[in-house]
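These are the residues of each chain, in order.
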Amino acid sequence: MSEVKSFRKPYNPPVKKMSWWLENPFFVLYMVREGTAVFALFAVLEILLGIFCLALCDVTPAVSLKGIAPYVWYLQSFLANPVVIALNVLVLLTQLFHAVTWFALMPKAVRVFMNKNSTELLPDYVTKIALYLGLIGATVVVLAAAYLTK
Amino acid sequence: MRQFLPTRSDEPMYWLMFGAGGMVASMVLPAIMVVLIAAGLTADDLQHGFLNLGQVYAIFSNWFLSLCVFGVVFLLAFYALHRMHHSSHDFGIHSKLTWYIAYGSAAAVSFISLGLQLLMYVKFF
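As you go down the protein sequences, you meet chains E and R in turn.
Quick note: the first sequence uses this note's numbering, first residue 37, plus one each step.
Quick note: the second sequence uses this note's numbering, first residue 941, plus one each step.
Bound-form chain R, shown alone:
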């Protein structure tokens, strides 16, 4: 009888993170990539290049900016792996295993990022 009780699907949560991550990927990620390319091109100048040590310390010592970076990492990880998980159907993979791999990796990436940022906050500031 229990199986006929109205229970809710958890799919909306993943779709929510997918939608938010897609927005991040299309709005913020291009600018972040430009900054990363510029950081690669100006890497020899440790004092005044893009993403120099002072600048990244300024980002990660500010709890709000650090949370913004975490939000970008977390949402993009869920977005990218959700999309890859659903694309696996197009290649004939209908296993439940891709569910565990995709969302497990996304959760791992998110927790590692959050943990490292907390570690930095405690260690440096």
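Only chain E is shown next, with the shape it has when bound in the complex:
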């Protein structure tokens, strides 16, 4: 937290009911976009659980089924659980929705100039195409690496 003394006196309108955002489709979309962060947090905790289970494994002096039991539990009882698979599919869908909205706002958030001597901006679609190409490229690289080294 910064040490700056704030002279801001923000007006915080009272929130009378928690479901105010259900009344306008625009706000529903906004809340769904904010809600994708919860699913991203689930993904983080899932990866962290995997790292934790792997760190619990014992491979000395040799790899045994007893030694790697924590990681086998993570694979076969956690990741293979139908509820977790369904949640993972939900996370995938919400993150794709987040990607679409994130790429749509990027040209508004970051201004890319045509060259340094002009104030003309790069067209929005160029930035968006580059971002979608980034998504496709990263997906291809990760999936190819996961498939080829398995």
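Just so you know, the hints here were simulated from the structure itself, not pulled from any lab data.
Keep in mind it's a predicted model, so treat the numbers as computed, not measured.
Among the hints, erroneous ones may be present.
When the alpha-carbon atoms are kept at most 27 Å apart in a straight line, the in silico DSSO-like pairs for lysine-lysine are as follows [to be verified]:
no., chain 1, residue 1, chain 2, residue 2
1, E, Lys186, E, Lys102
2, E, Lys102, R, Lys1063
3, R, Lys1063, E, Lys186
The hints should help you fit chain R onto chain E, whose structure is shown.
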């Protein structure tokens, strides 16, 4: 008098991590989720399934790939909790407490991940 000295806000750091984490969430996370779903579906095959033991050892024995995994965890944790922290205003919570909870948890997740990865590096390789 001290309070009028020009001091800088620390907000840009969180916004930087939020922006980077948002990029990770939209570019890399879909692929990671596909891999995790595939790992769940092929979990019975311990030798050749997705994310089998040899594969994850290959990831975490390589310091660069291990750092990549740490980067994903760290940035996503800060991104998700920053967004939830700021969404709490929409539900009428203007307490400073959400600041401590959000960034504290994100820092905890990051340090636990880094610590466990270092532990694995020392223990296995």
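Structure-based check of all given hints:
Among the hinted pairs, Lys186/E with Lys102/E is consistent with the structure: their alpha-carbon atoms are about 22 Å apart, no more than 27 Å. Distance check on the hinted pair: Lys102/E and Lys1063/R sit about 17 Å apart at the alpha-carbon level, within 27 Å; holds. Annotation: proposed proximity of Lys1063/R to Lys186/E holds, straight-line Cα distance about 23 Å (limit 27 Å).
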